[in-house]
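Asker: Using the hints provided, position chains B and C relative to the given structure of chain A.
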Amino acid sequence: MKEIICIVCPNGCTLNVEKNGGEITVTGNKCKRGEEFAVSEMTRPMRTICSTVKTDRADIPVLPVRVSADIPKEKIFAVMDEINAVTVTAPLKRGDTVIKNVLGLGADVIATSDILSRN
Amino acid sequence: MNIARIRKKVSAVSGGRVNAELKDNCIVLTGEADSWEQALEACSAAAIPYGKIHVVNDITVKKLVEKPMRMPSVCDKAIDGEKPDVLIIGGGISGASIARELTKNKLNILLVEKEPDLAMQASGRNDGEVHPGIDLSKGSLKHYYIRKGNRMYGDVCKDLGVEFRRVGQYVCFNEAWARPLIALYVLKRKYIDKIEDSEIISGKELHKREPNFNGSFKFAISNPSTGCVCPYGLTIAYAENAVMNGAKVMLNTAVTGMQVENGRIISVRTNRGTVYPKTVINAAGVFSEEIAKMAGDRFFSIHPRRGTNSILDKKAGKYMHSVASIKELAASSGHTKGGGILHTVHDNLLIGPDAVETSEKENVATNPESIEKVFSRQKNTMPSLSERDIITYFTGVRAPTFEEDFIIEKGRKCGNIIHCAGIQSPGLTTAPAVALDIEKMALEMLGGAQKNPDFNPVRKPVPTLRNMSDEERAQMIKKNPDYGEIVCRCEEISKGEILDALNSPICVPTVDGIKKRVRPGMGRCQGGFCSPLVTKIIAGFLNEPIDKVRKSYDGSVITYGSTKKGRGADE
Amino acid sequence: MNNYDVIVIGGGPAGLAAAIQAKKDGASVLLIERENRLGGILKQCIHDGFGLVRFEEKLSGPEYAERFIDEFNSLSIEALALTFVTKIKKNGDIFEIHVVNREGTAVFNCRAIVLATGCRERTAKQVFIHGTRPSGVFTAGTAQHFTNLLGELPAKKCVILGSGDIGLIMARRLTLEGCKVLGVYEAKPSPSGLTRNIHQCLNDYDIPLFLSHTVTRVFGDERLEAVEISRVDEKMRPIEGTQQTVECDALILSVGLIPENELAEELGVSMDSGTKGPVCDEKLMTSVEGVFSCGNALHVNDLVDYVSESGETAGAAAAAYKNTERTTVKLERGQGIMSLVPQMLDLNGATSSVTVYFRSADVLNNCALIIKIDGEEKFRKKYAFLRPPEMERLVIDFSAFNLSPDSKIVFETEVTSV
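Protein chains in written order, with the working numbering: chain A, -10 to 108; chain B, -13 to 557; chain C, 92 to 509.
Just so you know, not all the hints are guaranteed correct.
Some, not all, of what chain C presents toward chain B, calculated at C-beta under 10 angstroms [claimed, not checked]:
| # | residue |
| --- | --- |
| 1 | 189 |
| 2 | 239 |
| 3 | 240 |
With a cut-off of at most 27 angstroms between alpha-carbon atoms, the simulated DSSO-like pairs for lysine-lysine come out as follows [stated by the list, open to error]:
| # | chain 1 | residue 1 | chain 2 | residue 2 |
| --- | --- | --- | --- | --- |
| 4 | C | 149 | A | 62 |
| 5 | C | 149 | A | 19 |
| 6 | B | 124 | B | 134 |
| 7 | B | 300 | C | 178 |
| 8 | A | 62 | C | 271 |
| 9 | C | 367 | B | 301 |
These are computed hints drawn from the structure, not numbers from a lab.
Virtual Cβ for every residue (Gly too), placed ideally from N, Cα, C.
Okay, chain A solo, but in the shape it has when bound:
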């Protein structure tokens, strides 16, 4: 049995995960999302990344971004390398794609602010 902390929401439930052959049973979760998290954590842990990308503007040197869907935990630093390699130019709205399908992981890097929405 393995004990893991659920990071889906601020409740931070302590989940008890039992692996019986191919079957995984989860207890301690308050919701369905906790169970999904536990299963994914045991098979392929996924995480989100929030960071910033460089802009070409002196007054707003960086724009906040995140990935549109969770990515495999072991790819975090590889994705950070991609994020740190781009420079964006206004206009760019909240939700706009900054990097399409980053490293082929099926998630985009998207802008999370409207600060560059005007030229």
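Answerer: For chains B and C alone, coordinates are given in the frame of chain A:
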């Protein structure tokens, strides 16, 4: 003076390991001590309080490794070959005030300071009290200068655009029986020592004036001439006025040696070139002994003494409005200083300082014991004091001689140096008066000088918008909208004031330099909110990236450059 | 033309929610913000996890704030950015708010004020760190400003003191940007931040957490060179002889937040020693009639969703404010309660559905919150666990309790079973 008796005393306290000799009219101590404290004990035993024959400390202290003076990192030829009439060594309150007074004359004046700003040591690390002189007796230079200095403060600060308040001081007593004795003491002060403003007030009157003081006080000595000033603000103002009137101030410039021939300084070496001054003024604080030695004129010794002060939130500033200390008749002995409470010109409270002997001239690190000690004592004066109101604390190192008096005189063996040494409390109070006398000495040494016809004693300070009415403020903002953009929310400092400080006569474009001049970061958040903004403004002013901005010293970088250095650039 | 029903001071999540709610309720509203953009501290909180309660989405700070800013703009609410309130005067029933900005100075009048001024961070000196004064000592929020707004790296090898959420978030953030985080040190025996942040910010990146340890001294004359770490005893005092020196170029402090209430204090608002914010009734009106408080100025929240909620409560109440007599009764903190909001009820108002926020003083398992009225238990809610870092929220019908101004209402915690 009886050297045999001194020798006996020194021998007694050192177990015969330290010897005292009279050499060149100095009491020179040699031998070995186990500790710095032991050496100090021997020197103190040999010293004649306020005497003109000084103790020179040549005692070797076992295992004491003296740290070399911290040197500026810059090394260039910026002042190489300059031939100033007067070279002032040290940019504290002494050096800055002397420079300003000398600019009344048509002279080429150069002030060098090893630190990246003025008032970086004792002058920027004291309580800012303008003393009344109540504890000083006739015969000392401290006493000679304090009455003159205190009286000059109003005019000097007005000319230099520095806030000064005569808030008055109370020395509080718990022992009713002592009142007649203290009354006599006050009379003696008045008629013999000419410290004339003191009077005794009752406990009831004290409580009326300062309702939050301990109700148990039976009476107090009131010294209405006591004032407070921002000590680094005044130092910077003096230096700026000097620069306005033609003096040159070189920061990050340390004296490393001198060429002396036939009892005269020919040249002075610095990290920024060699200069050839006609006269030299030694205002080097804790390093004044080293400067004297370079000039072949070492006739005194400095023993550094630390003092730590705490600054309390402005909210606590409402508790009292003066300067206060408590006199515990049973407990007073030697230098066990427990400091006082002072309402500053910025309306904070300042608690301290204590007094701790040290061998380290530049160690200004703070220790918790200093604060605990001072607070426990000062709570006797004002029980509502709380450590929880502390927003910051700092330590300074005083530069006393063993005689505990100032040295303000021409060189004894060197013909073109004037010493302004051994300066400790009340050196801030005395500085305006001392500077006038040193100006006179320098003129004598130079054989006179023409008056500077363009001398302007008035320095216009950076405007303080938070103290203005809405109407005045609106006028200022109309002229310069930057005055309407608040950068430091705790102290209400605008971008305009910060830019003014950057454009002032002595530009120190560092976060600490700006903080000292216009106070962003001095408030309760200690720069938490404004330091990134101030850093950005400085970077903009310098037209440099943010990672080129410093907190203070060359190595005090704030950031390490962009987080976005491209692919795989972490290493 | 400078007259409004409601003036909101502060344009972070609390102030935005308050202004939006007051406007929706028909009031004329002005919002005053001292920074150049609305959004408050969320502008620099680029990490995700905001809005789970309200939007059931994991938003980043800017996304959460901008949803409110979009609504704020669509309602055409007046706002003054880069505008600083210098003083507030009360003239009869009217508040005069004096401001300064790049245009000059101005005075605005209103019937009701909502104070949404947020909080500030405790500093190194407030936790009595001694030693030299080098560069490289930052509060977590300052480090976050440099990193996320200016795109500048404030550290290459750092130590974090305090396990508050911002400290944990910054541990991860700096690691992502290539900084080595040597460890997070916490003086308390349990972490201050949310459990999930310990997991996803520290454990995911192998950053060690040292409980019952604190930084006692910093070294370095120019840039920070090292810190001294000491173990602490149960009273959080450093234990002599346990000092160790850790070389690093930055010390990042996440040692607590203090509600900013300088304007409230100037208005004579009574303060609560538990929350360090104003004493408020269920409508979040302070002890001064017409002055409302919300968000982190009211009490430090760990979820922005509750910040917005308190803003809406205060905004609605400010819009509806009429200077009518209050009949108040105190809500008291008893055994085991660290903080409680509101601290009083207005018995003349609606008390049937009062939102109460509280924090437990201790880590408790299998426990309950109990409300005693005049010594008698009237309310009980069971919890699997209560932790000081996690604020609890519940809605209580006080109208059922037959309260009078003399009632003694005490909130307590109790461990129900082992």
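Asker: All hints, please: hold or fail.
Answerer: Going down the list of hints, with the structure as the test:
For residue 189 (chain C), the interface hint holds, the least distance from its beta-carbon to any beta-carbon of chain B being 6 angstroms, beneath 10 angstroms. Taking 10 angstroms as the C-beta contact cut-off toward chain B, the hint placing residue 239 (chain C) at the interface holds, the least distance being around 9 angstroms. With a cut of 10 angstroms, the hint placing residue 240 (chain C) at the interface with chain B holds, because the nearest CB-to-CB distance is about 7 angstroms. Annotation: proposed proximity of residue 149 (chain C) to residue 62 (chain A) holds, straight-line Cα distance about 17 angstroms (limit 27 angstroms).
Taking the CA atoms of residue 149 (chain C) and residue 19 (chain A), the gap is about 18 angstroms. The hint holds against a cut of 27 angstroms. Annotation: proposed proximity of residue 124 (chain B) to residue 134 (chain B) holds, straight-line Cα distance about 14 angstroms (limit 27 angstroms). Pair hint residue 300 (chain B) plus residue 178 (chain C) holds up; C-alpha atoms about 16 angstroms apart against a cutoff of 27 angstroms. Distance restraint check for residue 62 (chain A) and residue 271 (chain C): the Cα-Cα separation of roughly 18 angstroms lies within the 27 angstroms cut-off, and the hinted pair is therefore satisfied.
With a C-alpha separation of about 14 angstroms, the suggested pair residue 367 (chain C) and residue 301 (chain B) falls inside the 27 angstroms cut-off, and the hint holds.
Going through the hint list in order, the structure satisfies each hint without exception.
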